[in-house]
Every structure is written in C-alpha cells, then in structure tokens.
Amino acid sequence: GEDVEQSLFLSVREGDSSVINCTYTDSSSTYLYWYKQEPGAGLQLLTYIFSNMDMKQDQRLTVLLNKKDKHLSLRIADTQTGDSAIYFCAESIRNNDMRFGAGTRLTVKP
Amino acid sequence: EAGVAQSPRYKIIEKRQSVAFWCNPISGHATLYWYQQILGQGPKLLIQFQNNGVVDDSQLPKDRFSAERLKGVDSTLKIQPAKLEDSAVYLCASSWGAQNTEAFFGQGTRLTVV
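Chains as they are written, first to last, in the working numbering: chain H, 1 to 110; chain F, 111 to 224.
Any given hint could turn out to be false.
To be verified - In silico lysine to aspartate or glutamate, DMTMM-like type, Cα no more than 25 Å apart, as pairs:
1. F/LYS154 x H/ASP78
2. F/LYS121 x H/GLU38
3. F/LYS154 x H/ASP97
4. H/LYS67 x F/GLU212
5. H/LYS56 x H/ASP3
6. F/LYS125 x F/GLU212
7. F/LYS154 x F/GLU124
8. H/LYS109 x H/ASP3
9. F/LYS172 x H/ASP97
10. F/LYS154 x H/GLU38
11. H/LYS67 x H/GLU38
12. F/LYS154 x H/GLU5
13. F/LYS154 x H/ASP3
14. F/LYS193 x F/GLU212
15. H/LYS70 x F/GLU212
16. H/LYS36 x F/GLU212
Unchecked claim - The calculated label-pair distances, taken between Cβ atoms and stated as ranges, are:
17. F/LEU194 x H/LEU45: 29 to 35 Å
18. F/GLY182 x H/MET55: 35 to 41 Å
19. F/SER128 x H/PRO110: 45 to 51 Å
20. H/SER28 x F/GLN169: 16 to 22 Å
In case anyone wonders, no lab produced these hints; they're calculated from the structure. None of the values given here were measured: they were computed from a predicted structure. Cβ atoms here follow ideal geometry from the backbone N, Cα and C, with glycine treated the same way.
With the rest of the complex left out, here is chain F:
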C-alpha cells in the first residue's frame, strides 16, 4: 500500500514570496490533515478535510495560509506571503474517517524562509 506522498521535500524561499505544497493521501482515505511542525515542537493541526469539506481550520492563519482539496483526493497548502516564522516542516496525514484512530503521515515538506 502506497503511503502519503508529499512534494516537494525541501523548499527555500525569501520572505514575502509565495509557496505551495502538495499532498496525495492514501487511496480511499476520506480525511486529510495538514500539520505545521516548528523545530523542537510537536505538530500543530492547521486544517482538517473530510472529503472536500473543511472540518476544522480554526488554527489556520487565514490571512496568509490557504488550503484546498477540490476533488476530495489530493490537497494543496499555500502560503502567501511567507514570513520568517513560517519556517517549519509541513506534514500531511490521512485517515479512513474523522473518528478513525490511526492517521498516516507523509514525510513532510521542510520550508525555510530567509
């Protein structure tokens, strides 16, 4: 079974630039999550989708972050414009359902904003 795929693995941008990350969840998984993991901290949920609908985006900085999952499969997370404090690993995860006990994580995209 293929895992959660994310790209790119690494990205370096200057502050105020834009960046987008892509995630392809495990086939059949209805729920998709984006987490932000700042160095030395645990992952923090940014947004959770159930199919193509948003379940929780309460911690997404909506003035600069946006995410979509138009067909209920893969998803993109965008930052525009980026700030230095956005430097982090962005993890995508997926699970069968919203009440499922196991979420499978991708390897993440490491973003460095300079």
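The shape of chain H in the complex, shown without the other chains:
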C-alpha cells in the first residue's frame, strides 16, 4: 500500500472551504508538499511546509501539520470551480525523494 494516504474524493460547493487530509508514515520526513494536477497536465507545486513548522498560510491556502499524528491538511478558502483537480500530498526525507499519495479528486460544484 501507499506510505502516504489520502481520501480519494472530495466534493464542495463553490465559495465553501475545502479541506484535504493526508497521513504519512515516516517521522523523519523533512518536507511535506501539496501538488495540484489538472487533466492532461503535469504536477504543479501549490505549497510546502518544513517539518519544524505546524502551519503555513499562503493566500487562500492553509497547511496544517501535526507531526505527532503524522497528519497533514490543506485548506482552500473560498473554493472556485478552477480549483477542481487532483491534489497530491507528498513527503520527502532526503535528496528530494518525494513519496506521493494516490491523490484526492476535488470537485467544485457551482
């Protein structure tokens, strides 16, 4: 199975907040990432957090990290239809060797 786990689907209404959750297994992870993948496109880095932080905010995005529970979340405020995509959580331990979850497909309904 995946070392990094995410729920597969999330559906929200436009304007609501979205929260995508992720659990990882390696406590020595140094960086944790959120990537976005739109259909037919490569992965786009949205944000990342260093393991000694517990929160990072970047405009509509808020990342929360709970190292004790190995839990990472991505909150998207005021979700728009353009936010519909697959969101991947990833961890890296050394040498930027990222391990990805299976992705959460976010659907935003108008």
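Start from chain H and add chain F according to the hints.
Then chain F, alone, in the frame of chain H:
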C-alpha cells in the same frame, strides 16, 4: 522561463516492443527525476540524477528500464521490452539541487502497452 519539456505526449506500443521517452529539464537545473504514474495512483520515483550521475535508482526495474543523462542536461528513459503493466504516464521533473524544495514537472508521456 521555459518549463520541463517531454516528448512524445502519447505512445502506443505492443508488448515486448521497445520505447524511449525524452526530457529536457529547465535550464540550469542540476537534478532530474523520472516518475511513473499508474492510473489512479500517485507518481512513483524511478530514477533521480544529479548532473549526469545517478542519485537513486532503487525503484527502477533494471531488467527492462534504463535511463541516461549523458551530458547532465536532457535525459532519455527506455523500456525494453515493454509489458502491459508498464502502461502509465511517465513524468519528468527537475529542480535546482537535490535538497531543493520545488521540483517542476513536465506534462508527461502517456504510454499504452497493448
């Protein structure tokens, strides 16, 4: 700034045939990665180069997969012979260094083995 370029975008081959993918990373990026993304899964690292040297190829099926980055710039990934389970999107990514926090991804090559 030009992004990571990959070709071809799509490839369909029969099992046991050979196939090669090409990647041109962002100019100046020393680190190059090849990932395999099977439908419904997250990307899995196949190989990581630092300049023209291999940093990590522990998950590369070396009996059939090979990759090179001879001049430390562009790279090719080859599969010979292909199996049905190799059907996937092959993503190339690059970053400034091995400890860099941001890797930039290309659009990928979608391989279908029939």
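Exercise for review: Given the hint that F/LYS154 pairs with H/ASP78, test it: the Cα-Cα distance must not exceed 25 Å.
Suggested key: The hint is violated at about 32 Å.
*Take a quick look at whether H/LYS56 and H/ASP3 sit within 25 Å of each other, Cα to Cα.*
Holds, at roughly 23 Å.
For the pair we were handed, F/LYS193 and F/GLU212, check the Cα-Cα distance against 25 Å.
Violated: F/LYS193 and F/GLU212 sit about 32 Å apart, past 25 Å.
### Query
Is the Cα-Cα distance between F/LYS154 and H/ASP97 25 Å or less?
holds, 10 Å
Check your understanding: Are H/LYS67 and H/GLU38 close enough, with their CA atoms no more than 25 Å apart?
Key -> violated, 29 Å
Mind checking the alpha carbons of F/LYS154 and H/GLU5 for me, to see if they're no more than 25 Å apart? With Cα atoms ~14 Å apart, F/LYS154 and H/GLU5 stay inside 25 Å; holds.
**Asked** For the pair supplied as a hint, F/LYS125 and F/GLU212, is the alpha-carbon distance within the 25 Å limit?
**Response** violated, 35 Å
Report task. Determine whether the Cβ-Cβ distance between H/SER28 and F/GLN169 falls within the hinted range of 16 to 22 Å. Result -> holds, 19 Å
Checklist line | Hinted pair H/LYS67 and F/GLU212, Cα distance within 25 Å | finding: Distance of about 21 Å is within 25 Å: holds.
Check: Straight-line Cα separation of H/LYS109 and H/ASP3 no greater than 25 Å?
Finding: violated, 31 Å
With the threshold set at 25 Å, check whether the alpha-carbon distance from F/LYS154 to H/GLU38 stays at or below it. With a Cα-Cα distance of about 18 Å, the restraint between F/LYS154 and H/GLU38 holds, given a limit of 25 Å.
request  = Hint says 35 to 41 Å; check whether the CB-CB distance for F/GLY182 and H/MET55 agrees.
outcome  = Given about 38 Å between the Cβ atoms, the range holds.
Hints 1, 6, 8, 11, 14 from the list above are not met by this structure, while the remaining hints are.
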